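*Asks:* Residues per chain, in single letters:
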Amino acid sequence: LPDDPKFDEFLSREAKGYRADAQPHANRMWSRIEGDVRSAIVPRPWTRFTPWLMAGAGIAAALVIGVAIGRRSARTDVQAPTTVASVAPAADSSRDALMRALTLNHLGQTEVFLTEVRADLTSGRRDPQRSERSRALLTRTRLIMASDAARAPAVDRLLEDLELVLAQIAALPDTGTRRSTDARLLRERLQVGTVLPRIRTILPGPSSTAGTSE
Amino acid sequence: VNPPESPASVNETELIERVLSGDMSAARQLYDTHVGEVHRLAIRMTADSMLAEDATQEAFIRIFRGLKGFRGGSTLRTWIHSIAVSAILNAIRGRKRWNTRTAEIEEADHVPEQTSVAEPDLRERLYAAIDALPDIYRSVFVLHHIEGHTHEEIGTQLRIPSGTSKARLFEARKQLRRALKDFEGEAAIA
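Chains L and X, in that order, give the protein sequences.
Note that this note's numbering numbers the first sequence so that position 59 is 59, with each residue one more than the last.
Note that this note's numbering numbers the second sequence so that position 184 is 184, with each residue one more than the last.
Hints listed in this document are in silico derivations from the structure and should not be mistaken for laboratory results.
Just so it is clear, the structure is predicted and the values come from calculations on it, not from any experiment.
Warning: the hint list may mix true and false statements.
To be verified - Straight-line C-alpha distance at most 30 Å; calculated BS3-like pairs for lysine-lysine:
#, chain 1, residue 1, chain 2, residue 2
1, L, K6, X, K68
2, L, K6, X, K166
3, L, K16, L, K6
Said to hold, decoys possible - Rough simulated footprint, nothing fancy, chain L against chain X, three-plus residues with beta-carbon under 8 Å:
#, stretch
4, 31-37
5, 40-49
6, 58-65
7, 74-82
8, 137-150
9, 158-164
Claimed, not checked - Not the full set, but computed from the structure, chain L residues with beta-carbon under 8 Å of chain X:
#, residue
10, P5
11, F7
12, A20
13, W30
14, R32
15, R38
16, A40
17, R135
18, R142
19, I144
20, V192
21, V195
22, L196
Virtual Cβ for every residue (Gly too), placed ideally from N, Cα, C.
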C-alpha cells in the first residue's frame with residue numbers, strides 16, 4: 001500500500017538523495033540576471049526624491065486648478081463647481097503606468113528580436129546569441145505576467161503567446177532533422193501567425209522601438 | 001524581552017542593508033549563499049535542468065526586487081524558499097501551457113523524452129520514478145518528503161486545500177510503489 005509505514009520510511013530516507021548533487025551554473029545564471037539585479041537594487045538618483053516629487057506635484061496641481069477655478073468664477077458669474085476632482089496621483093495608478101511603460105518597452109524589444117529571428121530562419125543565418133536572448137526575454141515576459149499590475153486582456157493573451165514563441169526559440173536545437181522541423185514550424189508561425197502584427201497593434205508607433213534593441 | 005540576535009542574523013541584516021544600498025558584491029554574496037539550495041529545489045520540483053535554471057533566475061530577480069519588503073518576520077532563508085517555490089510553480093505552469101499548446105502545432109513524429117529507464121539499482125529506479133511523476137505529484141512529494149513541509153504548508157504554497165495535498169502525495173506514493181514493484185521483496189522496502 002502507498003501508505004505502508006515501511007515504504008514511507010524508505011521514501012523519506014532515500015528521497016533525500018534525489019538530485020542532491022545537482023550543481024548550479026551559478027556564474028552563467030548570474031550573468032543573465034545581473035542587469036536585472038542591478039536595476040532592482042541600485043538606487044537611481046531621482047527615485048530618492050520620487051515620493052516628495054509626487055506629493056509636490058499633486059499639491060502644485062491642486063493649487064493651479066484651485067486658482068484657475070477661483071479666477072474663472074470671479075470673472076464670470078457661473079456657479080462654482082460643486083465637486084472638485086482629487087488630483088493627487090494615486091500610488092497604484094502611477095505603478096500601473098510604470099508597468100505599462102515597461103511592458104511596452106519589453107514588447108518593443110521582443111518585436112525587434114522576433115523580426116530578426118524570422119529573417120534569420122528565412123536566410124538560414126545562425127545567431128549564436130539567439131537562445132540566450134530568447135531566454136532573457138522569456139524571463140522578463142514571465143515576470144511581467146506574474147506582476148499584478150492591471151493589463152488589458154489582449155495584452156495578457158499576447159504575453160502568453162509570446163511566452164510560447166520565445167520558449168520555442170530558446171529550445172531550438174542546433175543541428176539535426178529535429179532542428180529543421182522545429183525551425184520550419186517556427187518560421188511558419190512567425191510568417192503567418194498573428195504575434196508580430198498584434199505586438200505592432202499594441203505598440204503606440206514606430207518610434208516606440210527606437211533604441212530598444214539589446 | 002526580545003532574545004539577543006544571533007551573529008548569523010546580524011550578518012544577514014548587514015548583508016541585506018548592503019544589498020539595499022546598491023552594493024553588487026553583497027548581492028552576489030547573497031546569491032552565492034542561496035543559489036545552490038534554490039536551484040536544487042527547482043531541479044527537484046521540475047526534473048528539468050533548463051527549466052530549473054529559468055526558475056532559479058526568476059526567483060532571484062523576484063528576491064532582489066522584493067528584498068526591500070523583507071521585514072524579518074521569518075528567516076531570510078525561509079523567505080527566499082517561499083519565493084523560490086512560487087517562481088518554480090510559475091515555471092511549471094508555463095511548461096504546462098507550452099506542452100499543451102505545442103501539442104497542437106507539432107508534428108506527430110515528436111517523441112517525448114523517456115525519463116524512466118529501467119535501472120538495476122533500487123535507488124536509481126526510485127530517482128527515475130520521481131523524475132517521471134507528473135509535476136503536480138512531484139511538487140507535493142518533494143515538498144513533503146524532502147523539504148519536510150506539512151500538508152497545511154504545502155496547501156498554502158500551492159494554493160490548494162491540505163486534503164488535496166494529501167491526496168496528491170498518496171497518488172505519488174502509489175505511482176512510485178508501482179514503479180518499484182520489481183523490488184518488492186527487498187528488505188529496504190518491505
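*Asks:* Decide, hint by hint, whether the structure agrees.
*Replies:* Results of checking the hints against the structure:
no., hint, in the structure
1, L:K6 / X:K68, "46 Å, violated"
2, L:K6 / X:K166, "18 Å, holds"
3, L:K16 / L:K6, "16 Å, holds"
4, 31-37, "holds (count 4)"
5, 40-49, "holds (count 5)"
6, 58-65, "holds (count 6)"
7, 74-82, "violated (count 0)"
8, 137-150, "holds (count 4)"
9, 158-164, "violated (count 0)"
10, P5, "12 Å, violated"
11, F7, "6 Å, holds"
12, A20, "7 Å, holds"
13, W30, "6 Å, holds"
14, R32, "6 Å, holds"
15, R38, "6 Å, holds"
16, A40, "4 Å, holds"
17, R135, "7 Å, holds"
18, R142, "6 Å, holds"
19, I144, "11 Å, violated"
20, V192, "12 Å, violated"
21, V195, "12 Å, violated"
22, L196, "17 Å, violated"
Going through the hint list in order, the structure does not satisfy hints 1, 7, 9, 10, 19, 20, 21, 22.
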